[in-house]
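J.: Residue numbers (our numbering): 1 to 266.
Be aware that one or more of the hints could be misleading.
[As the list claims (entries may be wrong)] Below, computed lysine to any residue pairings styled on SDA-like, alpha-carbon distance capped at 25 Å:
(1) Lys199 to Gln229
(2) Lys240 to Ile209
(3) Lys146 to Met216
(4) Lys259 to Met232
(5) Lys146 to Glu128
[To be verified] FRET-style restraints, in silico, Cβ to Cβ:
(6) Ala103 to Asn83: 48 to 54 Å
(7) Arg112 to His211: 47 to 53 Å
(8) Asp160 to Glu244: 29 to 35 Å
(9) Val109 to His211: 37 to 43 Å
(10) Glu150 to Asp99: 50 to 56 Å
Treat the hints as calculated values from the structure; they're not laboratory data.
These numbers come from a predicted model, not from an experiment.
Cβ atoms here follow ideal geometry from the backbone N, Cα and C, with glycine treated the same way.
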Amino acid sequence: MRCTRFAWGVSALRIAATASFVLLSTHVNAGLFEDEEARRAILDLRQKFEAYKVESVQNMADGVKRASEDSAQMQRSLLDLQNQLEVLRTELAKLRGQDEQTARDVAEVQHRQKDAAQSLDERLRKLEPSRVAVDGREFMAEIAEKREYEAALGVFRKGDFVNAQVAFVSFLNRYATTGYRSSALFWLGNAQYATKEYKEALASFRALIAHDAEHMRVPESVLAIANSQIEMKDNKAARKTLEELLVNYPDSEAAVAAKDRLARFK
1 MRCTRFAWGV SALRIAATAS FVLLSTHVNA GLFEDEEARR AILDLRQKFE AYKVESVQNM
61 ADGVKRASED SAQMQRSLLD LQNQLEVLRT ELAKLRGQDE QTARDVAEVQ HRQKDAAQSL
121 DERLRKLEPS RVAVDGREFM AEIAEKREYE AALGVFRKGD FVNAQVAFVS FLNRYATTGY
181 RSSALFWLGN AQYATKEYKE ALASFRALIA HDAEHMRVPE SVLAIANSQI EMKDNKAARK
241 TLEELLVNYP DSEAAVAAKD RLARFK
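Sequences and hints are given; from them, build the entire structure.
T.: As structure tokens, then:
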């Protein structure tokens with residue numbers, strides 16, 4: 001009986017030990033299993049982290065590359081824009097230069113137009129008759145008419161009596177109705193007298209008197225007729241002319257000279 005109990009006790013102990021061992025083994029195995037899972041989880045996390053790092057680095061590299069490309073594109077765009085701005089500046093400078101040249105051309109044209117208008121006005125004024133006063137008479141005369149008369153008179157005053165005759169004859173033929181006619185005839189007669197063309201001088205002085213008996217040069221012309229008659233040895237005609245001068249123009253300077261001439265005849 002005791003043996004049976006002892007055996008049973010031993011068996012119970014064995015069973016208990018076996019159970020304890022099984023439990024311990026199970027616990028150990030469970031611990032080992034959990035460590036393996038943890039390691040695998042850690043490895044998986046490491047792999048994911050490494051993959052994430054690689055992906056992050058790649059993404060960063062791609063981002064840097066894109067940023068670099070974008071920066072390069074922006075620089076190219078800015079360069080293109082600067083080139084376009086430079087072209088626009090050049091074109092604007094050309095336009096400004098053209099505007100300035102156009103303004104200068106317009107100013108030059110306006111200046112020329114002004115000069116042309118002034119020149120035209122001057123030519124028109126030269127063509128328009130103007131009032132002149134000669135030998136106590138006022139009348140209208142063209143600029144060219146006045147110029148030619150004064151030119152002929154200038155030749156006479158230089159003592160070139162031959163050419164003075166040519167100039168006065170030409171003038172009288174050109175301006176038949178000129179207000180200078182009486183004065184021109186007077187100086188023509190004097191030029192003819194100076195070259196001893198006494199008949200021609202008589203004709204010129206008489207033409208003056210017939211044309212304008214009230215002209216201030218008439219008393220001198222009458223005296224010049226008498227002098228021409230004296231040079232032609234026609235003293236009778238000269239005496240008569242001098243007497244008429246004293247009667248018709250007693251207060252003239254020519255009358256004083258006429259008295260002296262008459263006294264010589266006596």
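J.: Are the hints correct? Go through all of them and say.
T.: Do the hints match the structure? See the list:
{"no.": "1", "hint": "Lys199 to Gln229", "verdict": "holds (9 Å)"}
{"no.": "2", "hint": "Lys240 to Ile209", "verdict": "holds (16 Å)"}
{"no.": "3", "hint": "Lys146 to Met216", "verdict": "holds (20 Å)"}
{"no.": "4", "hint": "Lys259 to Met232", "verdict": "holds (20 Å)"}
{"no.": "5", "hint": "Lys146 to Glu128", "verdict": "holds (12 Å)"}
{"no.": "6", "hint": "Ala103 to Asn83: 48 to 54 Å", "verdict": "violated (30 Å)"}
{"no.": "7", "hint": "Arg112 to His211: 47 to 53 Å", "verdict": "holds (48 Å)"}
{"no.": "8", "hint": "Asp160 to Glu244: 29 to 35 Å", "verdict": "holds (33 Å)"}
{"no.": "9", "hint": "Val109 to His211: 37 to 43 Å", "verdict": "violated (53 Å)"}
{"no.": "10", "hint": "Glu150 to Asp99: 50 to 56 Å", "verdict": "holds (52 Å)"}
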